[in-house]
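Colleague: Read off the chains here:
Number of protein chains: 2
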Amino acid sequence: MKGEDKKTNRKEDVRKLILDAAKKLFVEEGYQSTSMRKIASEIGYSPTAIYLYYKDKGDVVYELHQEGFSLLKTYLMPLATVEAPFERLKALGRTYLNFAKEHPDFYEVMFMMKEPMVHLDNNPTNEMWEGGKEMFGFIIATIAECQQQGYFSKDNPQYIALQAWGLVHGLCSLYITTRLDKVGMENISELSADALLENAYKSFVSFVESSKNSKR
Amino acid sequence: MKGEDKKTNRKEDVRKLILDAAKKLFVEEGYQSTSMRKIASEIGYSPTAIYLYYKDKGDVVYELHQEGFSLLKTYLMPLATVEAPFERLKALGRTYLNFAKEHPDFYEVMFMMKEPMVHLDNNPTNEMWEGGKEMFGFIIATIAECQQQGYFSKDNPQYIALQAWGLVHGLCSLYITTRLDKVGMENISELSADALLENAYKSFVSFVESSKNSKR
DNA sequence: AAATTTAACTTAACAGTGTTAAGTAAATGA
DNA sequence: TCATTTACTTAACACTGTTAAGTTAAATTT
Chain E
1 MKGEDKKTNR
11 KEDVRKLILD
21 AAKKLFVEEG
31 YQSTSMRKIA
41 SEIGYSPTAI
51 YLYYKDKGDV
61 VYELHQEGFS
71 LLKTYLMPLA
81 TVEAPFERLK
91 ALGRTYLNFA
101 KEHPDFYEVM
111 FMMKEPMVHL
121 DNNPTNEMWE
131 GGKEMFGFII
141 ATIAECQQQG
151 YFSKDNPQYI
161 ALQAWGLVHG
171 LCSLYITTRL
181 DKVGMENISE
191 LSADALLENA
201 YKSFVSFVES
211 SKNSKR
Chain G
1 MKGEDKKTNR
11 KEDVRKLILD
21 AAKKLFVEEG
31 YQSTSMRKIA
41 SEIGYSPTAI
51 YLYYKDKGDV
61 VYELHQEGFS
71 LLKTYLMPLA
81 TVEAPFERLK
91 ALGRTYLNFA
101 KEHPDFYEVM
111 FMMKEPMVHL
121 DNNPTNEMWE
131 GGKEMFGFII
141 ATIAECQQQG
151 YFSKDNPQYI
161 ALQAWGLVHG
171 LCSLYITTRL
181 DKVGMENISE
191 LSADALLENA
201 YKSFVSFVES
211 SKNSKR
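Sequence order for the protein chains is E and G.
Using my numbering, you'd call the opening residue of the first sequence number 1 and step up by one each time.
Using my numbering, you'd call the opening residue of the second sequence number 1 and step up by one each time.
Watch out, some of these pointers could steer you wrong.
Any copy, or any two copies together, can satisfy a pair, since identical chains are not distinguished.
To be verified - Cut-off 25 Å, straight-line C-alpha distance, at most; resulting in silico cross-link-like pairs (DSS-like, lysine-lysine): (1) 38 <-> 11; (2) 24 <-> 101; (3) 16 <-> 38.
Everything labelled a hint here was simulated from the structure, so no lab data went into it.
Full structure from sequences and hints, please.
Modeller: Below, the structure written as structure tokens:
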């Protein structure tokens with residue numbers, strides 16, 4: 001069995017070598033200019049060598065997408081210690097926004113690009129976008145706790161969670177695609193994208209806060 | 001002057017010919033497989049002929065993006081007749097969602113892709129994402145009217161409009177990138193993406209409705 | 001009417017992309 | 001030692017956007 005282990009270990013090592021090179025190019029030069037050939041030359045391999053370890057480019061992009069979710073987890077971990085559910089929810093939104101701003105490339109591959117989802121469809125394994133579902137589940141659970149404290153309506157927490165996620169994701173994706181800049185400028189107030197993002201989020205939080213115990 | 005006019009008319013005609021071919025491929029085969037070569041062969045030209053009428057691919061994609069905003073306008077025009085501002089706002093959200101579902105490719109190029117924004121940055125004309133700003137302005141104006149009727153807080157309408165846009169855009173982009181499918185399945189309730197979208201939007205509307213005159 | 005210029009294209013080519021098939025050299029097993 | 005597997009590389013295909021140079025016909029000028 002030792003030989004077997006050694007073999008799979010070796011295989012895993014090279015996979016990691018390739019993935020790390022891909023990640024490096026990805027964060028330094030962006031997705032657009034991360035080609036199979038560049039990844040290969042980064043580790044001194046020929047382009048086709050990658051195909052011995054990954055099925056195709058979609059496969060390595062999917063792994064990158066998974067790396068992104070690992071990174072997001074390290075951002076969200078500390079939130080588990082926040083006792084008050086609404087405080088936790090606010091921090092969740094903040095952290096999500098920060099993650100998107102600090103790692104726009106990862107955010108893109110995780111939440112904006114079609115490729116990783118297509119890869120999931122083509123590889124009908126039992127895992128169905130685990131990372132995304134886990135994060136969404138965290139929002140749902142937190143919302144449900146908030147409801148018990150009088151926040152939001154008594155609606156299905158899934159729907160409310162989707163509103164929250166949709167809003168924050170919407171802001172992040174408009175920010176990343178520079179559309180927040182474009183609507184902010186020349187608008188008398190002359191607000192920067194960052195200021196718009198900040199103010200919109202704050203305004204949303206206080207809107208939810210103010211509607212506590214309205215109970216529809 | 002007649003010669004001049006004839007010349008520019010001819011030039012405009014061919015530009016339209018190219019753009020229509022691009023649009024056809026765009027809606028029938030999607031952005032991914034709309035290449036300069038396919039556009040050219042669609043109208044019986046050689047690939048390089050396009051470059052006599054458009055600077056580069058980004059240029060024709062930008063025009064496609066403009067076509068999208070023309071189309072969106074035809075969707076939004078009828079809303080001007082809705083007197084009650086909150087009714088108009090609800091209809092605006094609905095219409096926006098419908099547009100995204102009926103024309104996902106146009107929606108992508110208008111609100112999700114980076115290319116058209118890069119094109120704007122590289123062509124420093126006086127127009128700064130006119131279509132986007134006009135639509136966002138429509139939301140702001142409607143929100144402002146809603147505020148006068150006791151809806152929302154007395155916050156800057158720009159911030160509230162951005163929340164609304166962010167939420168609806170977030171839902172649309174999660175829908176288009178099939179992420180709503182992925183989080184909806186296997187979730188006991190087993191909701192389809194369409195049902196999730198629908199319920200989240202309805203829940204949001206009734207949340208805003210219920211908080212009327214809370215006045216923070 | 002003839003010569004020249006300009007307009008509207010095409011052909012060939014470059015540099016890049018993802019990907020497959022075939023070939024090679026070294027390590028391993030019998 | 002010989003055969004086989006492992007781990008790669010080289011060459012090639014079919015694309016992509018794009019540029020430079022060449023062609024052909026129409027318009028303009030002389």
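Colleague: With reference to the structure, classify each hint as holding or not holding.
Modeller: Tested hints:
no., hint, verdict
1, 38 <-> 11, "within (21 Å within a copy, 41 Å between copies)"
2, 24 <-> 101, "within (18 Å within a copy, 36 Å between copies)"
3, 16 <-> 38, "within (16 Å within a copy, 38 Å between copies)"
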